[in-house]
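**Student:** Take a look at the letters that make up each chain.
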Amino acid sequence: MKKQTIDSRPAGPKPWYDPRVRSLFFQVVAITLVFWGGWTLVDNTLSNMESRGISTGFGFLEESAGFGIIMHLVPYDATMSYGRTFWVGLTNTLLVSAMGVVAATILGFVLGIARLSSNWLVAKISLAYIEVIRNIPLLLQIFFWYFAVLSNLPSPRQSVDVGGTLFLNNRGLYLPEPLTQDGFGLVWGGVLAAIAAVIGIRLWAKKRQLATGQIFPTFKVGVAILVLVPIISYLVAGRPLEWEIPALKGFNFGGGITIIPELAALWIALSLYTASFIAEIVRSGILSVSKGQTEASKALGLPHGLTLRLVVIPQAMRVIIPPLTSQYLNLVKNSSLATAIGYPDLVAVFMGTTLNQTGQAVEVVAMTMAVYLTISLLISLFMNIYNRAVAIKER
Amino acid sequence: MGNPMTEQTQTSETQSSPRSEAGQKPDIIRVEGMHKWYGDFHVLKDLNLNVKQGERIVICGPSGSGKSTFIRCLNRLEEHQQGKIIVDEVELTDDVRHIDTVRREVGMVFQHFNLFPHLTVLENCCLSPIWVRKIPRKEAEASAMEYLERVKIPDQANKFPGQLSGGQQQRVAIARALCMKPKIMLFDEPTSALDPEMIKEVLDVMIELAGSGMTMLCVTHEMGFAKTVADRVIFMDGGEIVEEAPPHEFFTNPQEARTQKFLKQILQH
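Residue numbers (our numbering), protein chains in the order written: chain A, 1 to 395; chain B, 1001 to 1269.
So here's chain B without its partners, still in its complex pose:
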């Protein structure tokens, strides 16, 4: 019963997806046997994950399951102690140059936005292109304005983050990350700190971004978002990847008991 359904979902997914040849693309992220400890506490246990270019992955799981820690390892905001993480052909080690190389290609959006309060929206967006990519200010500003238009707030460009609503701030944060023209975007619970009426405006931007073919890893509890855009859903619990499957299969036919329990809890209301 499970098998024909899986195939069906996969074919329908690949057909509807703009990047139908995703299967032949190289792995842009490879995680092999990765472990992480906080002191004696074993946070992440033997994680293995390959992500193809253009793939959209949603990571979910109960709080404390290590999902945020996991994606923070992918741009070395957290260190891993064992195993390998290779992002865009560069292995993350203690080497500062490798870390900087990876961070230039990986954008990240945080739960609490983390915009720089002393800079305007436009300056927030231009800071890194100017200082890291060494782009002339005029070009950086023009490009930042394009991204601000894409997230639908070009009129706020000269305001300070403190003057914007939570939803607007998070859209600025997405635009700021995109200004570096990253190959991969990481989202760490981007809608968890938002009021309900603002969640949609942020999700709309993310859905649009997914449609453009960006490689995305997203930690979120928005199951509707997972169903709409994800190529794969990964369920983590207790620092392990418990189950990974395409969304349709994941939501209709979860294999593991822990997944079933989690889905039952969050889909109840």
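Chain A with its partners taken away, still in its complex shape:
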């Protein structure tokens, strides 16, 4: 039987006309070329560096850096190592990226929905914003906020003073810093208890709706619990929080939390710029849901809010998520423009100063690229998981 099927097959073509043989041949050629190219590069680089006496390897990360960084989320001073500068740069990049993603998403959704508003003025303001902001280069916008707006704020001695606790000047925004005292654990307990209670109420409300059909105002009650319980536990614990208020010392303020103008300018520019793209994505997502869907929902008696929540947004999200992911990736990568205004992000600190001082170009560039690649892949991964959760229900 087996023999018969083999025998009954028509005679194959000459090997060089057989598509399977051809594809195998070209794959072997392609792989050979890639490996040869890669090997040549590595070999060339190594021999060049050897002839110039540049040492390779990651030993330089242990050496003392010897330069200061204006903003660091992890403890840092000039005596610490180059490895430490890497972490300072990385955390600064992550901070501005995370702040940017959150602000751009909120602003983008608001603008996208406003663009579709039936209110003429609201729709046109949103349109004007989107068209202006997304058509001006991002670098220019960063310069605008840094040089034209924030640098023109008054000097520390003439700071804008809000109630004696909050100061704004051309060196940054100075906020009081909360210092937790003994007994603050009770407040944390209160926060956790409130979150647990809200989750519990949500589950209970859902169960009750399934059983009796009654809809519980989960959102309003949840917000009330989240606000009230921590406040009450704070008062019960005897207000275990003290504020360190920034004060003028010499030429600048000391104490409290400082938001440096470099961070503010970069954050504002990145958020505003990316928001204009997100707004267009949101708009196209909502428009992709056909008018028939809204009409069917209205004809069933669902009021406008429920129509949006149960019918339009779930369908729009499937269209919104993939391009939204690209915008998040763009934002993270665009944050490297920080170099231009001196915000100490990974590129400025590590690929800038550290590279200049050590000359370890291959290692430093490879590490920096690996970081951006990792961040981007992680964002893609999470967004794909979320996308699958909202999208798979189609078929």
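To be clear, the hints were calculated from the coordinates, so they are not data collected in a lab. The beta carbon of each residue, even a glycine, is placed where N, CA and C say it ideally should be. Where hints are given, some of them may not hold.
[Said to hold, decoys possible] If you want a taste of the chain B side facing chain A, the calculated C-beta under 8 angstroms gives, among others:
(1) G1033
(2) H1035
(3) N1075
(4) L1077
(5) D1100
(6) R1103
(7) M1108
(8) H1112
(9) N1114
(10) H1118
(11) L1127
(12) I1130
(13) K1134
(14) M1180
Using the hints provided, position chain B relative to the given structure of chain A.
**Tutor:** Only chain B this time, still in chain A's reference frame:
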């Protein structure tokens, strides 16, 4: 010649109809001197129509005659600018509460089904009963299954609309509207987007529904359906009601020239 025939048709209609006392029932829909414009374009001109509870009305007419626009005004998917529309004692105005009240009592079936693609058939049917009527999910699902059985597709309940044929989707759409237990059903060309072999399965469901005494307004080109179930046929052209008559009279003895021309065109093949 026309008069005795009309009487005859009416008596035979009322006798064969399950709701023989339809004549004494109150008007569930009243449309008085209704006008609608799209910008400068006068779409609907001075429409007047009273529909009794349990009445089955077929609206026909050439495309662009305003018949779809007219029934879409009855649940305020379209706004009218002049005149009155009163549905089940509630006048349709800008008042959102009135609109929601009316929409709860009026079911609608669309040409393109408009099922929610992200929800299963059963979820499509239960969505509005759960969120608008606030019925417990178990009850809503049980009731939805009854209606799905009535439209003969209970076995598809857990599939998504994209997995069904056009005829099946339209039957789900009918079941979805019925799940709200509406007093009135509006059909906007329910068979126009279907392949010929699927038209019958949808019409059968509609005929069965008509037999149960539902008040129905149906925009359709299915003249066979009009002859079988309609109490009245309304012919619209150019945004006006040109003629209205019981089906027998409408098809055998149309009065207006425009009606005669229309019938000649669609009955030719």
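**Student:** State the violated hints by number, sorted upward, taking the hints as numbered earlier in the document.
**Tutor:** Going through the list in order, the structure violates hints 1 and 2 and respects the others.
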